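For the protein sequence lines, the chains are A and B, in the order given.
Position 29, counted from 1, in the first sequence is what this note's numbering calls 76; the numbers after and before it change by one each time, with no gaps.
Position 353, counted from 1, in the second sequence is what this note's numbering calls 400; the numbers after and before it change by one each time, with no gaps.
These aren't lab readings, by the way, just hints derived from the structure by calculation.
Hints may contain errors.
Copies of the same chain are indistinguishable here, so a pair counts whether it falls within one copy or spans any two.
Capping the alpha-carbon separation at 20 Å, the derived lysine to aspartate or glutamate pairs in EDC-like fashion look like this [stated by the list, open to error]:
| no. | residue 1 | residue 2 |
| --- | --- | --- |
| 1 | K395 | D50 |
| 2 | K252 | D50 |
| 3 | K252 | E310 |
| 4 | K256 | D50 |
As the structure is a computational prediction, the values presented were derived from the model and not from experiment.
Protein chains: 2
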Amino acid sequence: MIDINILLVIALILFTTKILAIFTRRINMPQVVGALAAGIILGPAVLGVVEPNEAISVIAEFGVIVLLFSAGMETDFRQLRTSFKSSALIAVLGVSLALGGGFGIALLFGMPTFESFFIGVVIASTSTSITVEALNEMGKLKSKSGTSIMGAAIIDDILTIVILAVVLGMGAGNGGFSIASVGITLLKIALFFAFATLGGFAVKKLFDKMYAVMGQARRLSVFALAYCFLMAYLAELFGLADITGAYLAGIALCNTRCVEYLETKIHELSYILLTPVFLANIGIHASLDGMTGSVLLFTGLLVVMAVLSKVAGCGLGAKMCGYTNSESMQIGIGLIARGEVSIIIASKGISAGLLEPGRYSSVIIIVLVTVLITPLLLKRAYRQKPA
Amino acid sequence: MIDINILLVIALILFTTKILAIFTRRINMPQVVGALAAGIILGPAVLGVVEPNEAISVIAEFGVIVLLFSAGMETDFRQLRTSFKSSALIAVLGVSLALGGGFGIALLFGMPTFESFFIGVVIASTSTSITVEALNEMGKLKSKSGTSIMGAAIIDDILTIVILAVVLGMGAGNGGFSIASVGITLLKIALFFAFATLGGFAVKKLFDKMYAVMGQARRLSVFALAYCFLMAYLAELFGLADITGAYLAGIALCNTRCVEYLETKIHELSYILLTPVFLANIGIHASLDGMTGSVLLFTGLLVVMAVLSKVAGCGLGAKMCGYTNSESMQIGIGLIARGEVSIIIASKGISAGLLEPGRYSSVIIIVLVTVLITPLLLKRAYRQKPA
C-alpha cells in the first residue's frame with residue numbers, strides 16, 4: 048500500500064502551480080517562477096502542508112530527466128557541432144570565475160583553505176533545467192544562444208564532475224589514490240561519451256527503421272522514453288549526472304525522421320504531470336534553518352558571486368567567440384542557475400567530511416535564488432534582443 | 048538523492064512491456080497480457096532483476112488512478128443512469144456467489160468459520176482496471192455491456208467495503224462497537240457519494256466555463272488531473288478505494304464540452320509511462336513462496352470459484368435484467384478480475400489477526416490468474432458477439 052497523502056500532495060502541486068502560473072503570466076513574469084513559488088508556498092518555508100518526500104522526489108527527478116530529454120530532441124545538431132569550441136570556452140571561463148570567486152569569499156570568512164576551495168566547486172556548476180523550461184516558454188531553445196547554453200552546460204557538468212573527483216581524491220588524503228581516482232573518473236567519462244555517441248548513431252538508425260515500418264505508432268514514444276531512462280541511468284553509473292544522459296539521448300534522436308512526433312508525445316507527459324512536480328519540488332526543499340546573520344551575509348555574497356561569475360565569465364567567453372553583446376548576455380544569464388549538481392556536490396562534500404553540514408542551507412538558498420532570477424533575467428535579455 | 052536503479056527499472060519495464068505487447072499482438076492476444084508477463088519475467092518469479100519497490104508502486108498507483116479517470120471520462124452518462132438497477136443486481140449476485148463459494152471452500156479445508164468467511168470476502172471483490180484496459184484496446188468501453196461492467200464494479204467496491212467493515216467490526220469482538228462502526232462506514236460512503244455528486248456538478252460547470260474562456264488550453268488538462276488526484280485522495284479518506292474516486296472524477300467531466308480534448312491529453316500520460324508501469328507492477332509482485340501441495344489445491348479451487356462465481360452470478364444478474372446471452376457473458380467475464388481491493392482486504396485481515404499471513408500468496412495468485420485470463424476471455428466474448 049502506498050501512502051495516500053501523496054495523492055493529495057500531487058493534487059495540491061498541480062492546482063497551485065497552474066493557478067500561480069496564470070497569475071505570473073498576468074503580471075508578465077515567466078510561468079516557471081509561478082511553479083517554483085507554488086513549491087515554496089506549499090512547503091515547510093511557508094504553509095508547511097507538503098514536506099520533502101521520497102515519492103515526490105522520484106517524480107520530480109523523472110520530470111527533470113524528461114525535460115532535458117525533450118531539450119535534447121529539440122537540438123539543432125549542426126549548430127551544436129559548430130558551436131562546440133565556443134561552448135567549451137564559455138564553460139571554462141564561467142566555471143573558473145565561479146570557482147575562484149567562491150574560494151575567495153569562503154577564505155574571507157575564515158574558512159579553512161580546503162573547505163573554501165570546496166565552496167568554490169559547489170557554486171561552479173550550472174543547471175540548465177530552469178533555463179530550458181524558460182527558453183521553451185519563450186520559444187528560444189533552438190536559437191543560436193540557446194544551443195550554446197546547452198552545449199556549455201554539458202561541458203560544465205563534465206568539468207565540475209572532474210574537479211569534484213580531484214577534490215574528493217585529494218580530500219581523502221591518500222596521495223597515491225587521488226591521481227588514480229581522477230584518472231578513473233576521466234576514463235569513465237570518456238567511455239560514457241564514446242558509448243553515447245556510438246549507441247546514439249545506432250539508436251537513430253533503429254528509430255528511423257521502426258518509423259518506416261510502424262509509422263506514427265505511439266509505441267515509438269514508449270521506446271524513446273525507455274531509451275531516455277536507460278541513458279540517464281548509465282550516465283549516473285559512469286559518474287555523470289542523469290540529466291546529461293537524458294540530454295544526450297535526446298540529441299541521438301534529434302535527427303530522426305520521427306523526432307517531431309516523439310517530441311509532441313513526450314511533451315504531454317512533461318507538461319501535465321512531471322514538470323509541475325519537478326519545479327514545485329525545488330521550492331518544497333526551501334528552508335531557512337540555521338540562518339544566522341553571518342551565515343546570511345556569507346550566503347548573500349555567494350549568491351552575488353554565483354550570478355556575476357557566470358554572467359561575466361560566460362558572457363566574456365561568448366563575446367570572445369564572436370557573439371553579439373546581447374547574445375553574450377543571454378548566454379551568461381542562461382548559465383546562472385544552479386541546481387541538482389550543486390546540491391549533489393554539497394551532499395558529497397558533507398558526507399566526505401570536507402564541508403560543514405551547516406553549509407547545506409546556504410547551498411539550497413543559492414540554488415533557489417539563482418533559479419528564481421534566471422527566468423526573470425532571461426525574459427528581459429531576450430526581449431531586448433532586436434534593439 | 049533518489050535511488051538511481053529506479054531509472055533502469057523504468058527503462059526495463061517500458062522496453063519489455065512494449066516488446067512483449069508487440070509479440071502478444073502478433074499471436075492475437077491482448078497487449079495487456081504482454082505487459083503483465085513483462086512484470087512476471089522481470090520480477091522475482093522469473094529473472095529477479097526487478098524487486099517490488101515503493102517508488103514503482105507509487106507510479107503504478109498513479110497509473111491505475113489515471114486509467115480509471117480516463118474510463119470515467121469515456122462513460123456514457125445517460126447509459127450509466129439507465130443501467131443503474133441492472134448494475135446493482137449484477138453486483139449483488141456476483142458478490143454473494145463469490146462470498147458463499149469462498150466461504151464453502153475454506154470450510155472444506157478445515158479453516159475456522161470466521162476465517163473462512165473472511166476468505167469469502169477476499170474473493171468477493173472485483174477490479175475493473177484490467178477490464179478497462181482490455182475494453183479500451185478493443186474499443187468496447189462505451190458499449191452497453193462495458194457501461195454495465197463499470198457500474199457494477201462501483202457497486203461491488205461499495206458492497207465489499209461495507210462487508211469488510213462488518214467483518215472487521217465483528218472480528219474486533221466488541222459487540223457494541225461493531226454496529227457503530229458499520230453505521231459509520233455506511234455514513235461515510237453516503238457522504239462521499241453526496242459530495243462527489245454535488246461537487247461533480249460544480250466541477251462540470253467550472254470546466255465548461257474555463258473552456259469557454261481559455262479554449263483548448265493545455266492547462267485545462269492539468270486542472271483535470273489535479274481534480275482526479277483530489278477525488279482519489281478523498282475516496283480513500285472516506286474509506287473507499289482511490290480508483291473509485293478517480294472514476295467518479297472522470298464521470299463528473301464526461302459531459303463537459305472539453306472532455307474529448309482532456310481525454311486525448313490524459314491518455315498520452317497513461318500510455319507512455321503510467322499504464323505500462325501499473326501492469327508490470329502486478330507481475331512483479333508474483334511469487335510462489337510458501338506454496339505446498341495442499342495450499343496449491345486450496346488456491347486452485349479458490350481461483351475456479353472466483354471465476355465461476357462472477358461469470359455465473361453476474362451473468363445471471365445481467366440475463367435477469369434483459370441482456371442478451373452474449374452480453375451477459377461479456378459482463379460476467381468483465382467482472383472476473385480481482386485486484387488491489389482483494390489484496391487490501393487480505394492485508395487488513397492479516398493485520399487484524401483474522402487471516403493467517405500464509406494466505407497472502409494465495410490471494411496474489413488469485414489476482415494474477417484472474418487478471419491474466421480476463422483479457423483473454425473478454426477478447427473471445429466480444430469476438431463472438433455479432434454471431
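Fill in: Structure versus earlier hints - violations, ascending order
Violated: hints 2 and 4.
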